[in-house]
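For the record, the sequence lines run as chains A and B.
The first sequence lines up with residues 14 to 125 when you count with the numbering used here.
The second sequence lines up with residues 176 to 288 when you count with the numbering used here.
Hints listed in this document are in silico derivations from the structure and should not be mistaken for laboratory results.
Values in this document were obtained by computation on a predicted structure and should not be read as measured data.
Please note that the accuracy of each hint is not assured.
[Said to hold, decoys possible] Restraint ranges, calculated between C-beta atoms of paired labels, are given here:
#1 A/G29 to B/Q230: 48 to 54 Å
#2 A/T68 to B/S259: 37 to 43 Å
#3 A/L59 to B/V235: 22 to 28 Å
#4 B/T203 to A/E84: 35 to 41 Å
#5 A/K81 to B/K254: 46 to 52 Å
#6 A/Y52 to B/S252: 26 to 32 Å
[Claimed, not checked] Taking lysine-lysine and the DSS-like style, the derived pairs with C-alpha atoms no more than 30 Å apart in a straight line are:
#7 A/K71 to A/K124
#8 A/K112 to B/K255
#9 A/K124 to B/K255
[To be verified] Covered by chain B, according to a simulated footprint, are these stretches of chain A (three or more residues, beta-carbon under 8 Å):
#10 52 to 64
#11 68 to 80
#12 115 to 125
Beta carbons: idealized from backbone N, C-alpha and C, even for Gly.
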Amino acid sequence: AQSVTQLGSHVSVSEGALVLLRCNYSSSVPPYLFWYVQYPNQGLQLLLKYTTGATLVKGINGFEAEFKKSETSFHLTKPSAHMSDAAEYFCAVSDRGGKLIFGQGTELSVKP
Amino acid sequence: SQTIHQWPATLVQPVGSPLSLECTVEGTSNPNLYWYRQAAGRGLQLLFYSVGIGQISSEVPQNLSASRPQDRQFILSSKKLLLSDSGFYLCAWTRGTGGYEQYFGPGTRLTVT
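Just chain A, with the same shape it has in the complex:
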């Protein structure tokens, strides 16, 4: 069975600092991996995804993630945090049947 673990339910950074949100997955097949962002009382918005090919994936709003098979990780990074990045972030893995298995989420706070 596939699973996703997000390390840290809350992450706080200063504006301008590096953002690093951690995600580890478990999958018996080559995974499809996703990062979503959720602002309060809104639906989820896709930030980026990895299916095949280049392991460094660039997404919207300056975010990127690197697929590391040996570490079963797909950490999300952004070089410089902005106040508008404050939100909940979810990592997800696809079971190739179309269903997504989500991590528990990481709430990102950005301090001025």
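Use these hints to put chain B onto chain A, whose structure you have.
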């Protein structure tokens, strides 16, 4: 372009009352459709998914049910709500299998009192 709608946006219902939440997708045909629930402070729990009209798969046994009467319409129902049914309900669609991302609707906030 494709859009996904959910209504109502918010709902307050007493325990034991019925429920009907609606999700519709525009701009695509034969989407895979999903219902998720997000309880306070927790991740997303997949409730139901559908790959076609009348085809419903249930992920979690509970007092909720789903139906897909039309290609781009997905309905979540309950005959009698429980307090534990409170949460944020999200509908999503995808083109199919094979690494396609899911697109989410704006959600319905349900409070059972």
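Now for the hints, and whether the structure bears them out:
1. A/G29 to B/Q230: 48 to 54 Å: holds, 49 Å
2. A/T68 to B/S259: 37 to 43 Å: Distance hint for A/T68, B/S259 holds at roughly 41 Å.
3. A/L59 to B/V235: 22 to 28 Å: Since A/L59 and B/V235 have Cβ atoms about 24 Å apart, the given range 22 to 28 Å holds.
4. B/T203 to A/E84: 35 to 41 Å: 36 Å Cβ-Cβ, so the 35 to 41 Å window holds.
5. A/K81 to B/K254: 46 to 52 Å: holds, 47 Å
6. A/Y52 to B/S252: 26 to 32 Å: holds, 28 Å
7. A/K71 to A/K124: With a Cα-Cα distance of about 24 Å, the restraint between A/K71 and A/K124 holds, given a limit of 30 Å.
8. A/K112 to B/K255: Roughly 28 Å separates the two Cα atoms, so the pair holds.
9. A/K124 to B/K255: Given pair A/K124, B/K255 is violated - Cα atoms ~44 Å apart, limit 30 Å.
10. 52 to 64: holds (count 8)
11. 68 to 80: It is violated: at least three residues are needed, and the region 68 to 80 of chain A offers just 0 whose Cβ sits closer than 8 Å to chain B.
12. 115 to 125: That given contact holds, which follows from 4 residues of the region 115 to 125 of chain A lying within Cβ reach (below 8 Å) of chain B.
In terms of the numbered hints stated before, the structure departs from hints 9, 11, listed from lowest to highest.
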